[in-house]
Amino acid sequence: MDAIIQFVWQIIMLPVGLIFGGMAERRHFRALEQREAECPVPLDNRKLITKPDNVVHSHMVSGQVVIATDYWKSFLMKLRNLVGGEVKSADRLMQRGRREALMRLREAAQQIGAHEVWNVRLEFSNISMMKGRQGGNMQVEVFAYGTAVKRRGEAAAING
Amino acid sequence: MIVVNTETIPGYEIEQTLGIVQGNTIRAKNVGRDIAASFKNLVGGELKGYTELLTEARREAIERMLAQAQQLGADAVVNVRFTTSAVASGAAELYAYGTAVRLSASPSSAAAPGEGY
Numbered sequence: 001m002d003a004i005i006q007f008v009w010q011i012i013m014l015p016v017g018l019i020f021g022g023m024a025e026r027r028h029f030r031a032l033e034q035r036e037a038e039c040p041v042p043l044d045n046r047k048l049i050t051k052p053d054n055v056v057h058s059h060m061v062s063g064q065v066v067i068a069t070d071y072w073k074s075f076l077m078k079l080r081n082l083v084g085g086e087v088k089s090a091d092r093l094m095q096r097g098r099r100e101a102l103m104r105l106r107e108a109a110q111q112i113g114a115h116e117v118w119n120v121r122l123e124f125s126n127i128s129m130m131k132g133r134q135g136g137n138m139q140v141e142v143f144a145y146g147t148a149v150k151r152r153g154e155a156a157a158i159n160g
Numbered sequence: 161m162i163v164v165n166t167e168t169i170p171g172y173e174i175e176q177t178l179g180i181v182q183g184n185t186i187r188a189k190n191v192g193r194d195i196a197a198s199f200k201n202l203v204g205g206e207l208k209g210y211t212e213l214l215t216e217a218r219r220e221a222i223e224r225m226l227a228q229a230q231q232l233g234a235d236a237v238v239n240v241r242f243t244t245s246a247v248a249s250g251a252a253e254l255y256a257y258g259t260a261v262r263l264s265a266s267p268s269s270a271a272a273p274g275e276g277y
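Heads up: the sequence lines are chains A and B, in that order. Numbered per my numbering, the first sequence spans residues 1 to 160. Numbered per my numbering, the second sequence spans residues 161 to 277.
If you're looking for bench data, these hints aren't it; they were derived computationally from the structure. Note that CB positions come from ideal geometry on N, CA and C, so glycine has one too. Possibly wrong hints are sitting among the right ones.
[Unchecked claim] Straight line, CA to CA, 20 Å or less: simulated DMTMM-like cross-link-like pairs of lysine to aspartate or glutamate: (1) 47/A <-> 167/B; (2) 189/B <-> 216/B; (3) 208/B <-> 123/A; (4) 47/A <-> 173/B; (5) 88/A <-> 25/A; (6) 208/B <-> 25/A; (7) 208/B <-> 44/A; (8) 88/A <-> 206/B.
[Said to hold, decoys possible] Anything over 10 Å on all C-beta distances counts as not near chain B; from chain A, calculated: (9) 35; (10) 73; (11) 80; (12) 87.
[Stated by the list, open to error] DEER-style ranges, computed between Cβ atoms: (13) 232/B <-> 8/A: 43 to 49 Å; (14) 112/A <-> 239/B: 18 to 24 Å; (15) 83/A <-> 167/B: 41 to 47 Å; (16) 152/A <-> 264/B: 17 to 23 Å; (17) 10/A <-> 251/B: 24 to 30 Å; (18) 42/A <-> 208/B: 14 to 20 Å; (19) 239/B <-> 86/A: 34 to 40 Å; (20) 85/A <-> 173/B: 49 to 55 Å; (21) 86/A <-> 231/B: 27 to 33 Å; (22) 223/B <-> 91/A: 33 to 39 Å; (23) 20/A <-> 265/B: 54 to 60 Å; (24) 113/A <-> 265/B: 17 to 23 Å.
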């Protein structure tokens with residue numbers, strides 16, 4: 001009985017995911033593009049960048065986001081599981097998570113008045129597995145961290 | 161206490177390493193948040209409740225790591241790394257580790273003293 005209810009619920013939720021999930025995704029990508037263009041803090045994943053003598057202050061910053069698929073995307077993924085190949089919907093989900101986490105990292109750096117972020121590292125974890133629900137929606141956490149540095153003799157990179 | 165995830169701190173020289181310091185926390189899911197998250201799941205996107213939960217947990221892990229560093233009399237923790245692992249269904253462990261060090265100001269630099277983390 002439970003399985004039937006679950007099945008019917010999933011069928012009902014498919015178009016909701018397709019329409020509203022798709023809308024939310026497009027909105028998110030547009031917002032990300034704008035925020036990425038506006039944020040003046042560049043990222044670098046090298047450990048130490050030229051002339052560390054100029055640095056007056058360094059401090060670890062981080063950005064994180066937990067992001068999930070909608071029912072439509074989960075359905076597409078399950079379908080993909082049958083035939084194999086690239087899972088484009090999961091691809092976009094990971095991109096959203098990664099870009100959002102990196103954006104939050106840059107914003108955190110901007111908030112403390114840093115000029116750039118060094119040694120950026122990304123960390124992923126699958127939350128849905130932690131919840132013991134492998135069959136359900138995919139939920140991933142993206143965690144980005146790095147060392148924000150302030151250089152001597154330059155105005156802080158704060159907008160406005 | 162200066163905390164960085166680079167191996168050295170610009171403007172300082174590492175005088176002495178005091179060994180690895182670590183902090184961990186294991187968090188179980190929260191029923192209220194789980195229900196809220198499953199509603200949010202209908203259209204996908206960010207699950208804010210979980211983002212907050214994990215942010216908070218990670219901060220806790222960092223604080224425990226810093227407490228250990230303080231006990232050793234460290235000035236800074238360098239090369240900080242994080243790991244996350246599912247220890248049981250419904251619970252996650254967040255773990256932060258780094259190297260506690262004592263610093264001396266580098267002669268070639270006019271670096272300001274590090275502010276607190």
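Hint check:
For a cut-off of 20 Å, the pair hint linking residue 47/A to residue 167/B stands: about 7 Å separates their Cα positions. Between residue 189/B and residue 216/B, the direct Cα distance comes to roughly 13 Å. Compliance with the 20 Å bound is thereby established for this hinted pair. The straight-line distance between the Cα atoms of residue 208/B and residue 123/A is roughly 18 Å, inside the 20 Å bound, and the hint therefore holds. Between the alpha carbons of residue 47/A and residue 173/B the distance comes to roughly 16 Å, so the proposed pair stays at or under 20 Å and holds.
Distance check on the hinted pair: residue 88/A and residue 25/A sit about 13 Å apart at the alpha-carbon level, within 20 Å; holds. Between residue 208/B and residue 25/A the CA atoms are separated by roughly 16 Å; this keeps the pair inside 20 Å, and the hint holds. Using a Cα cut-off of 20 Å, the hinted pair residue 208/B and residue 44/A is violated, with the two alpha carbons roughly 27 Å apart. This hinted pair checks out: residue 88/A and residue 206/B have alpha carbons roughly 19 Å apart, not beyond 20 Å.
Annotated as non-interface, residue 35/A keeps its C-beta farther than 10 Å from every C-beta of chain B; the closest such distance is 14 Å. Residue 73/A, annotated as away from the interface, has a beta carbon of chain B within 10 Å; the closest lies near 6 Å. Here residue 80/A stays apart from chain B, with its beta-carbon at least about 16 Å from theirs, past the 10 Å limit. Residue placement check: residue 87/A keeps its beta carbon more than 10 Å from all beta carbons of chain B (closest about 15 Å).
Taking the beta carbon of each, residue 232/B and residue 8/A are about 59 Å apart, not inside 43 to 49 Å as hinted. Distance hint check: the CB atoms of residue 112/A and residue 239/B are about 20 Å apart, consistent with the given range 18 to 24 Å. In this structure the supplied range 41 to 47 Å holds for residue 83/A paired with residue 167/B, their Cβ-Cβ distance being about 46 Å. Taking the beta carbon of each, residue 152/A and residue 264/B are about 19 Å apart, inside 17 to 23 Å as hinted.
Distance hint check for residue 10/A and residue 251/B: the Cβ-Cβ separation is about 27 Å, which falls inside the suggested range of 24 to 30 Å. At roughly 28 Å, the beta carbons of residue 42/A and residue 208/B sit outside the given window of 14 to 20 Å. As the Cβ distance of residue 239/B to residue 86/A is approximately 36 Å, the hint placing it in 34 to 40 Å holds. Separation of residue 85/A from residue 173/B is about 53 Å and conforms to the stated range, judged on CB atoms against 49 to 55 Å.
Between residue 86/A and residue 231/B the C-beta distance comes to about 50 Å, which lies outside the given range of 27 to 33 Å. For the pair residue 223/B and residue 91/A, the beta carbons lie near 36 Å from each other, so the given range of 33 to 39 Å is met. Between residue 20/A and residue 265/B, the C-beta spacing of about 56 Å keeps the proposed range 54 to 60 Å intact. At roughly 22 Å, the beta carbons of residue 113/A and residue 265/B sit within the given window of 17 to 23 Å.
Going down the numbered hints, you'll see the structure goes against 7, 10, 13, 18 and 21, while the others check out.
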